[in-house]
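Student: Start from the sequences, fold in the hints, and give me the full structure.
So the protein sequences, as listed, match chains A and B. The first sequence maps to residues 1 to 154 in UniProt numbering. The second sequence maps to residues 1 to 671 in UniProt numbering.
Hints should not be assumed to be uniformly reliable.
A few chain A residues that face chain B, going by a derived Cβ cut-off under 8 Å, partial list only [stated by the list, open to error]:
1) D55
2) I60
3) N64
4) V112
5) M113
6) T122
7) A127
Hints in this document: simulated from the structure, not taken from any laboratory. Only a predicted model underlies this, so the values are computations on that prediction, with no experimental measurement involved. All C-beta atoms in this analysis are idealised placements derived from N, C-alpha and C, irrespective of residue type, glycine included.
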Amino acid sequence: MIAPGIPRAAPGPPGPAAMAFTFAAFCYMLALLLTAALIFFAIWHIIAFDELKTDYKNPIDQCNTLNPLVLPEYLIHAFFCVMFLCAAEWLTLGLNMPLLAYHIWRYMSRPVMSGPGLYDPTTIMNADILAYCQKEGWCKLAFYLLSFFYYLYG
Amino acid sequence: TNHTIVRCRSCRTYINPFVSFIDQRRWKCNLCYRVNDVPEEFMYNPLTRSYGEPHKRPEVQNSTVEFIASSDYMLRPPQPAVYLFVLDVSHNAVEAGYLTIVCQSLLENLDKLPGDSRTRIGFITFDSTVQFYNLQEGLSQPQMLIVSDIDDIFLPTPDSLLVNLHESKELIKDLLNALPNMFTNTRETHSALGPALQAAFKLMSPTGGRISVFQTQLPSLGAGLLHSREDPNQRSSTKVVQHLGPATDFYKKLALDCSGQQTAVDLFLLSSQYSDLASLACMSKYSAGCIYYYPSFHRSHNPAQAEKLQKDLKRYLTRKIGFEAVMRIRCTKGLSIHTFHGNFFVRSTDLLSLANVNPDAGFAVQMSIEESLTDTSLVCFQTALLYTSSKGERRIRVHTLCLPVVSSLADVYAGADVQAVVCLLANMAVDRSVSSSLSDARDALVNAVVDSLAAYMSTASNLQQSMLIAPNSLKLFPLYILALLKQKAFRTGTSTRLDDRVYAMCQMKSQPLVHLMKMIHPNLYRIDKLIDESTIHVNDRVVPQPPLQKLSAEKLTREGAFLMDCGSIFYIWIGKNCSNNFIKDVLGYPNYASVPQKMTQLPEVDALSSERTRSFISWLRDSRPLSPVLQVIKDENPAKTDFFQHLIEDRTEAAFSYYEFLLNIQQQICK
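Tutor: This is how it looks when you write it as structure tokens:
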């Protein structure tokens, strides 16, 4: 389910017009779509941690749903960093670099597990870790929303 | 009799002695402050047969109560006691010889296993294949079924692998008598522990119960196989200690699956070499099992460990047990529970899932203050354990604790329980060592002392900065923290095997407080002059009460003999010039030179000093559930390092003496 309300008209000039449809504009359009997906992931995370906190769901089930979503989110974000690199959009790339570095650090320091993911059901109910994950979810949501509007009007 | 269990309507707290009755018909919950109605049946007190005095009922008079739970508290009919034994029968295991001890112990205690007429039992053995035993009633002898496809393990027969204990008792006894001899000529060196556990899980899933795993080496075949990660040259490293966490999450996942099916896995590790206890321990930690470790186990070469296994098994097989349990800890509004320490699975923010409950487990809880408590004068904590007893009865055991809220820091210090503080810090340090590093944990322990004493000194009236002041309640705090820093779990600079270290850490997380304090700070007594000591009378026995000595070699003397009580092991150290009378009367040997290196029992000699010594030792033994082993050490015995490492007040090449430690703390406070 993709979030509704994605503007159909590109911010750049329409297709068969005098000005060329630049690669950078194309990058921004794609980034816009993908950021919508990332916002969706961030909202899913927030809801999932809230469900854990209010004892609505079992940590094992919840971690099994959350863990497969982690790598796709990171890969999508890495993908548009690469795209901006190719399009030589240095400012946008610079804004996204810290998040990329954070993702890499987070994934490197994850608990020992055989499948992909960051969340371990035995430690996730620890109040410290739960609070950290919730804060992380809110911060990421704020960042993705800001970048969404930046791509929209940039 | 009625069966209503009175609970608060909003927070579901059980009624307890610390609630307030507003009038005869309403009570105010002490955890959420909601006013509830008293049910009609509660007004009648069955004990005194009087009406109208709800505050005299036993639930409101006692802070520890046990209720019988109605069917609302059951997700399924109460399960029977189901015991499964998973035994390693590789060549290594047969060499070590543990199988004879286990089978003998089981034969002796088969009738004393807790349970009722529905009790079931089963056996699985494994080396590079997994062997099951068909014990169906009616067979003339037990039938072994071998499954060699360990990559996709399956159960060879649908039932009769877990059989009713009473119906198949003869077959079980035959199997136990035959097992030690069945594998004597085995050449199998591999150990397929992972597949055996998967099979055990499949077998136990329908009912739940207890799995007891006996392992003697690193699992080398199939799922969950482990590699040797320890570097023997790093044992005395003062820098980073690695590999304190698990290498694979196979055992953790297995433990979570088992926990979901109400099965606990207990581990007995009887190995002589590195077996990656850090990974194997996960199978017990998250399924509410317990871990027993016997380093360098060998039936004939190491009789002390063999005796320990025998005694531990006796306690393990016959102690009370609860099944399919959950525990919830509630606290007054304004506080919240933060972290739990112990062997269980945390299912939600205050609910612990315990597949088995046993009386030898301890739990620690960290709480934090969320809101201001200035209006309240009391806070309460309530623990409720819902479990199925071994006889199939569903019960709820409720403990309620009430503590005052004070407003001055000096009062907080006056009420500090130093043993609880030290044990909680030990638990936190274990978590920190695994998640961050051992040196971080050590620094944090020292900082705990520095910060608490610095805060106390800033509130104390006389501001003599050059002295170290501690409140009366915390005067032993630096000593206990020093003892903790010299424990196997946290020490650096002294050669410590990785498995020993990990086991010490597991003990810290799962032992009850009394036992843990003895482990951290053993008791030292002088026993060669017991006749002169004051005595008490206990059950027609005269028990001498020698005074406690400080844990320092300064207190030892060549002319004496000393007993050190470390909780699970007693050391008797004999000085070189110990009087021959003592050696003759108490040890039963004519002189010092003839005392053997490996003595584990005191003979019954008809002399007053022997009688007094033995009665003192058995009085110490009776005060705890786990029977400790005794070891007599002469001064030139190489095993004397075990004894001397506990003398924590002394300086070693890697650690401070007590006095130096105090100076260090004082410097840090006055910086």
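Student: List, from low to high, the hint numbers that the structure doesn't satisfy.
Tutor: 3
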